[in-house]
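> So the chains spell out like this:
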Amino acid sequence: MEGNKNAVIQTALALWATLRLMFRHPLAKAGLAILIVFTVMAVFAPLIAPYHHDEIISDSSGRWLSYQKPAAKFWLGTTDMGRGIFSQIVYGARTAFMIGLLAALMVMVIGTVVGLVSGYFGGWIDQIIMRFVDFVYGIPFLPFAMVLVTVLGGSRWNVIIAISVLLWRETCRVVRSQVLSLKERPFVEVARSAGAGDLRIIFVHLAPNIYPISLLYGVFAVGWAILTEAGLSFLGFGDPNSCSWGKMLQMAYLSQALSQGVWWWIFPPGIAIVLIVMSTYFISQGIEEVVNPKLRNW
Amino acid sequence: MNVLRFFSRRLFHSIFVFLALLTFIFFIFRLMPGDPTALFISPEMAADAIQEIQKTFGLDRPLYIQYFLYVINVCRGNFGISYYFFEPASRVVFEHLWNTLVLTITAMCLSYLVGVLVGTLLAWKRGTLFELGGMVSVLILRSAPVFWVGLIFLYIFAFKLHIFPGGSMAETGEFYGGFLEMVLSWEFLHHLVLPLVSMMCYFSGLPVLLTRSSILEVIKEDYVEMARAKGIGARRVMFRHVTRTAILPVVTAFATAIAYAFEGSVLIEVVFSWPGIGRLMVMSMLGNDYPVAQFAFMILAAMMILMNLLADFLYAYLDPRVVVQ
Numbered sequence: 022m023e024g025n026k027n028a029v030i031q032t033a034l035a036l037w038a039t040l041r042l043m044f045r046h047p048l049a050k051a052g053l054a055i056l057i058v059f060t061v062m063a064v065f066a067p068l069i070a071p072y073h074h075d076e077i078i079s080d081s082s083g084r085w086l087s088y089q090k091p092a093a094k095f096w097l098g099t100t101d102m103g104r105g106i107f108s109q110i111v112y113g114a115r116t117a118f119m120i121g122l123l124a125a126l127m128v129m130v131i132g133t134v135v136g137l138v139s140g141y142f143g144g145w146i147d148q149i150i151m152r153f154v155d156f157v158y159g160i161p162f163l164p165f166a167m168v169l170v171t172v173l174g175g176s177r178w179n180v181i182i183a184i185s186v187l188l189w190r191e192t193c194r195v196v197r198s199q200v201l202s203l204k205e206r207p208f209v210e211v212a213r214s215a216g217a218g219d220l221r222i223i224f225v226h227l228a229p230n231i232y233p234i235s236l237l238y239g240v241f242a243v244g245w246a247i248l249t250e251a252g253l254s255f256l257g258f259g260d261p262n263s264c265s266w267g268k269m270l271q272m273a274y275l276s277q278a279l280s281q282g283v284w285w286w287i288f289p290p291g292i293a294i295v296l297i298v299m300s301t302y303f304i305s306q307g308i309e310e311v312v313n314p315k316l317r318n319w
Numbered sequence: 016m017n018v019l020r021f022f023s024r025r026l027f028h029s030i031f032v033f034l035a036l037l038t039f040i041f042f043i044f045r046l047m048p049g050d051p052t053a054l055f056i057s058p059e060m061a062a063d064a065i066q067e068i069q070k071t072f073g074l075d076r077p078l079y080i081q082y083f084l085y086v087i088n089v090c091r092g093n094f095g096i097s098y099y100f101f102e103p104a105s106r107v108v109f110e111h112l113w114n115t116l117v118l119t120i121t122a123m124c125l126s127y128l129v130g131v132l133v134g135t136l137l138a139w140k141r142g143t144l145f146e147l148g149g150m151v152s153v154l155i156l157r158s159a160p161v162f163w164v165g166l167i168f169l170y171i172f173a174f175k176l177h178i179f180p181g182g183s184m185a186e187t188g189e190f191y192g193g194f195l196e197m198v199l200s201w202e203f204l205h206h207l208v209l210p211l212v213s214m215m216c217y218f219s220g221l222p223v224l225l226t227r228s229s230i231l232e233v234i235k236e237d238y239v240e241m242a243r244a245k246g247i248g249a250r251r252v253m254f255r256h257v258t259r260t261a262i263l264p265v266v267t268a269f270a271t272a273i274a275y276a277f278e279g280s281v282l283i284e285v286v287f288s289w290p291g292i293g294r295l296m297v298m299s300m301l302g303n304d305y306p307v308a309q310f311a312f313m314i315l316a317a318m319m320i321l322m323n324l325l326a327d328f329l330y331a332y333l334d335p336r337v338v339v340q
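As you go down the protein sequences, you meet chains A and B in turn.
Note that the numbering used here has the first sequence beginning at 22, numbered continuously upward.
Note that the numbering used here has the second sequence beginning at 16, numbered continuously upward.
Since the hints were derived computationally from the structure, they do not count as laboratory data.
Ideal placement from N, C-alpha and C gives every residue a C-beta, glycine not left out.
Watch out, some of these pointers could steer you wrong.
[Stated by the list, open to error] To list a few chain A residues with every Cβ distance to chain B over 12 Å, as calculated:
#1 Pro-71
#2 Gly-83
#3 Val-135
#4 Arg-152
#5 Tyr-158
#6 Arg-206
#7 Phe-208
#8 Asp-219
#9 Tyr-232
#10 Glu-250
[To be verified] One side only, chain B facing chain A, incomplete, derived with CB under 7 Å:
#11 Phe-22
#12 Leu-26
#13 His-28
#14 Ile-155
#15 Ser-158
#16 Pro-160
#17 Phe-162
#18 Leu-169
#19 Phe-172
#20 Ile-178
[Stated by the list, open to error] Covered stretches of chain B (in silico footprint by chain A; criterion: 3 or more residues with CB under 8 Å from a CB of chain A, positions within the stretch not fixed):
#21 95-107
#22 319-333
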């Protein structure tokens, strides 16, 4: 009992130390700040957004307020249908978060588990898994996501599946190569002679050493997933019912916003994507400090 | 001997992967919703006329027979008839493939050229404000969706400043006589600039980061210090001694990056109405023209496998230790 309690405290302290080390990096701090802003946006979207993302805003005589320039009333202006762009950006943060976090979680779990199993057991298990990973590497990412979304239907969940079903390949390869060197270390030998089974060695002894690197690839996956969702939506393969930044750009492109000079419809969604993806890169710089201590020169 | 075994094993793996992909492509495209014959068949048609059309495309047979025929046809180089163009799918795809190759390969070569130079510069100026600024701008460009960068360029340079055309490869109604004539014409280059630069914005990020970190590794080596100690100037040491060694990982990354460039070009081609294979695939997916979509997908996959194989070979050639393992 006492030992368990100590172990929990120890783990919590170790995690805290890792986080502190991670966010000591100035870029990681900036990334965290950006991420917090978007989190607040996503969580409190209905409170922050003045209108619903689908609401058509009209004046007292019922005329649509189309193509309003950014002003005090409409922070970022309105679209061709008189929808508030600021409100769409705020609601779009929800989609971005959902896609980014869930896809990254799936990528991390699949990639880490498959990589651990493949690297630990070696032999024919490793051979089969690695040939399968080769196969997955041969599939073009975006075209495949287009095909899969067409087959499964364009909902947000299917977009998440289409993204994560290929993206785990990188995590898997990196985790596997880490395991290959880790499993030769004495502590694995000690655990085995103490009677630990394969599963216990994999998930209790090896996995904790893998977490920082799989977290790193998970953070990259957040950015990738958000970019891919934007691309899919832009091409017309997204969820038709949800409001995403990529879909905003698609609507702007299709309704000739470029030639009509409606710049306030094109810039904000892209800037939102840049900021959120950039924040993941910044945070990943912090994780890299943890993974690779040689970099700690700040 | 070892080298030969390494190469033949990698080649065998690639062929295996490609065969697995062929099977996978067949089944996933049969799962597509929407009847591909909807283009020609209307509900008012007589039942036997409908059957006749389905027979023409071989859609009346059971799935395993269709698969068997598919394998035979693929071996013969027959990839079906486009439902939309009424031409062999392979001809339609290959016509578009050249346009993609011109765009992506030019973009990648220039990206890596610029990337290596900028990366070297950033490593050289390490620890300065210049480096921080450079790194942050690279990260910003890598975070920007490539199609959005394209949209911004279109907005500024085509619709505001009217310097560059707003898409496509030629003025409306104009056609090029042949491939060479097209590539060498002034008008083509004029159309190429915006999609090219948009792609470069994204793809030059990786070589910048790779070159920089690789140089920072190499710079610590003894032979670099030796060269400096011998009194060789900083510039000469940097470009003659350091960059040469440091460039190895960038070269292998180049081959892999070309594979990814083909799929990245999908979005750019759509934004700029560039008649390439990626845009063709998007249009044929949206228009249920599955033979074309399927073959375009197959070609994209084949390119990826080929480029990954090439990267492996290149890596083995540049770093022979790989073969021994």
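> Evaluate each hint against the coordinates.
Against the structure, the hints:
{"no.": "1", "hint": "Pro-71", "verdict": "holds (25 Å)"}
{"no.": "2", "hint": "Gly-83", "verdict": "holds (32 Å)"}
{"no.": "3", "hint": "Val-135", "verdict": "holds (17 Å)"}
{"no.": "4", "hint": "Arg-152", "verdict": "violated (7 Å)"}
{"no.": "5", "hint": "Tyr-158", "verdict": "violated (6 Å)"}
{"no.": "6", "hint": "Arg-206", "verdict": "holds (19 Å)"}
{"no.": "7", "hint": "Phe-208", "verdict": "holds (25 Å)"}
{"no.": "8", "hint": "Asp-219", "verdict": "holds (25 Å)"}
{"no.": "9", "hint": "Tyr-232", "verdict": "holds (23 Å)"}
{"no.": "10", "hint": "Glu-250", "verdict": "violated (10 Å)"}
{"no.": "11", "hint": "Phe-22", "verdict": "violated (16 Å)"}
{"no.": "12", "hint": "Leu-26", "verdict": "violated (12 Å)"}
{"no.": "13", "hint": "His-28", "verdict": "holds (6 Å)"}
{"no.": "14", "hint": "Ile-155", "verdict": "holds (6 Å)"}
{"no.": "15", "hint": "Ser-158", "verdict": "holds (4 Å)"}
{"no.": "16", "hint": "Pro-160", "verdict": "holds (5 Å)"}
{"no.": "17", "hint": "Phe-162", "verdict": "holds (5 Å)"}
{"no.": "18", "hint": "Leu-169", "verdict": "holds (6 Å)"}
{"no.": "19", "hint": "Phe-172", "verdict": "violated (11 Å)"}
{"no.": "20", "hint": "Ile-178", "verdict": "violated (15 Å)"}
{"no.": "21", "hint": "95-107", "verdict": "violated (count 0)"}
{"no.": "22", "hint": "319-333", "verdict": "holds (count 3)"}
Of the numbered hints given earlier, the model fails hints 4, 5, 10, 11, 12, 19, 20 and 21; all others are met.
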